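Engineer: So you can see what is in the structure, the chains are spelled out below.
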Amino acid sequence: MSFIKEFSGKYPEHTHKNDPKAEELLSTAKFDARFQMCNQDKCIKKKGEDYEPCNWFKKQYQALCPGFWTERWDEQREAGAFPAKI
Amino acid sequence: MSYWCQMYFQNGVTFTSMRVQWAFGMYCVVLMLIFVFVMFSVLLCCSGSHQFIYMLTDHNLERIWGTVPLLILVFLSWPSMGLLYVLSELETPLVTVKCIGHQWYWEYEYTDFAVVSYNSYMVPEDELKLGEPRLLTVDKSMVLPFSVWCRILTTSFDVVHSWTVPAFGVKSDAVPGRLSESSVKVEMPGVFWGQCSEICGALHSFMPIRVEVVSAELFSKWLWILQSSVWEG
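Chains as they are written, first to last, in UniProt numbering: chain R, 1 to 86; chain Z, 1 to 233.
For reference, chain Z alone in the conformation it holds in the complex (with noise of 0.2 Å):
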């Protein structure tokens, strides 16, 4: 999750938030040496001790600088062409969830065996129990298998959401009357975050996404239990 003063993104823990990361990381180097470069030029301009007067034409010099920026765009081009790609493709998945927005709250339906669904409400300040984060600690958690490729659906029964979790790398527009599939293979254990990401009302900033990633038998002894129990949501 997001902590204090931090300056990049969370720690990627599918493939996807990893490789996009890393495309990030590299072009903020080639942006630095760029920078570095082109503030030397000046530098050196300004101080005045070099001086081109007699230059008039240079074809070789003109060749250089139109093609080096070139080789350079098309270096940083080609690992993002290439996610683009990546980014689309949907694998096939072992399980589905359906992730409904609501005004203000996401409801959860997990209709693989039998249809299962509950809703996740944020829980309100004065009801936190200590360590537990404000803004983000819901009732009732999103559970997921890791290492296991999930199909993620999105839709609002109302207005426009959009389910985000940074850590996953994903950002899902829950559009009402449409049906977005987002394709999702957690690497790790562990509980992840996220925020409502598109305005919908006045409580847009209170329905938080808490997701928690276990291990496949774990997620299908608790998906059996749901079915047998009866979670009031």
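So that you can see chain R by itself, here it is in the shape it has in the complex (with noise of 0.2 Å):
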């Protein structure tokens, strides 16, 4: 059965984990199909600038999106023109 699954092209399954003391050291943002930059700035509106949780969605779009994506997001929302209803 093994090599049938080798065969079909699956990883073994210790490819699949990663190293036990990385996961220590390293993180990075999970996959969340609900993301969106907006989110942290509705967050904000909603429960204020001190709501750490918030900072959950400032902690997602860094790490996923280039930084001259949010600059360029940032002076819009300065500018009152962020294409989106926040």
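FYI, nobody ran anything at the bench for these hints, they're computed from the structure. These numbers were taken from a predicted model, which means no experiment stands behind them. Backbone N, C-alpha and C fix where the C-beta goes; we use that ideal spot for every residue, glycine too. Hints are not guaranteed to be accurate.
Facing chain R, according to a computed beta carbon distance under 8 Å, are these residues of chain Z, among others [as the list claims (entries may be wrong)]:
(1) Ser77
(2) Trp78
(3) Glu109
The following label-pair restraints were derived from C-beta to C-beta distances [claimed, not checked]:
(4) R:Thr15 - Z:Ser180: 16 to 26 Å
(5) Z:Met26 - R:Lys58: 13 to 23 Å
(6) R:Glu78 - Z:Pro189: 36 to 46 Å
Starting from the two chains in their separate frames, assemble the complex, guided by the hints.
Structural biologist: Here it is, written out as structure tokens:
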């Protein structure tokens, strides 16, 4: 059976796992289908600037979006020209 | 990296590239067997020693030479179809790196802990040191940890580029306005090279990629040093 699995191109189980020492040192944004940058603003508007969980959204978009995109969005947001309802 | 008179792929260091190269090797073997069989049959027919003038119909023979190629094709498509979906799978990463194509250099961003970015330019030929490869040496490499799933996000600042590292089995188009995602888990440490693979202007051939793969501890120390020191890029 394992030969058939390998012949079909399936990876062995151990390849899906990360190095255990690396899991203690490193982490990044996980997959989230709901992710949008404007969620952080909506979160801040509803809960206020000091609400710590809003920073989760900020961490996600900073990890995933290029810097020049987020800078442009910040400028658009400050100018009131962000193309989404916040 | 590539070497003089190379006839096959570079050694794969990710499971993806190893599997793809294995499948290619298997297809080459089947191809050679079929080629030898066909050439043998042609020579046999040309020799004139075998004649089939009394054979008018043979349904069994027709069944065989219809079914056997079909079975060969099913056999060949099995690993290919499996790999097609496995290559698109995105595993849970521990590191995210953004590779942003510019004309004509790459910018690498690591923003998991703090916003860190630097540019990677090709070293011109007259500034190369002894032993450094021409058109591949860069001033700053991208660094990744080994045995760790890494998310590589590619995009472009201007025109379409393509971030390629043959040893990883990765070729990811960097399209402006779009973020392309690849999942890479390098199984061994080392230095791996690539070049831009989408025509992007006059210096398209002069924006190479150099990736240094190190242990997770060294990678996190390097990232900490990057954040704490000023690295002009």
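Engineer: Hint by hint, note whether the structure agrees.
Structural biologist: Hints versus structure:
Hint status for Ser77 of chain Z: violated, given a least beta-carbon distance of 11 Å to chain R, over 8 Å. Interface restraint check: Trp78 of chain Z against chain R, minimum CB-CB distance 6 Å, threshold 8 Å, status holds. This hint holds: Glu109 of chain Z has a C-beta 6 Å from the nearest C-beta of chain R, less than the 8 Å allowed. For the hinted restraint 16 to 26 Å between Thr15 of chain R and Ser180 of chain Z, the CB-CB distance of approximately 22 Å keeps it satisfied.
At about 48 Å, the CB distance of Met26 of chain Z to Lys58 of chain R disagrees with the hint of 13 to 23 Å. Checked against the hint of 36 to 46 Å, the pair Glu78 of chain R and Pro189 of chain Z passes, with Cβ atoms roughly 44 Å apart.
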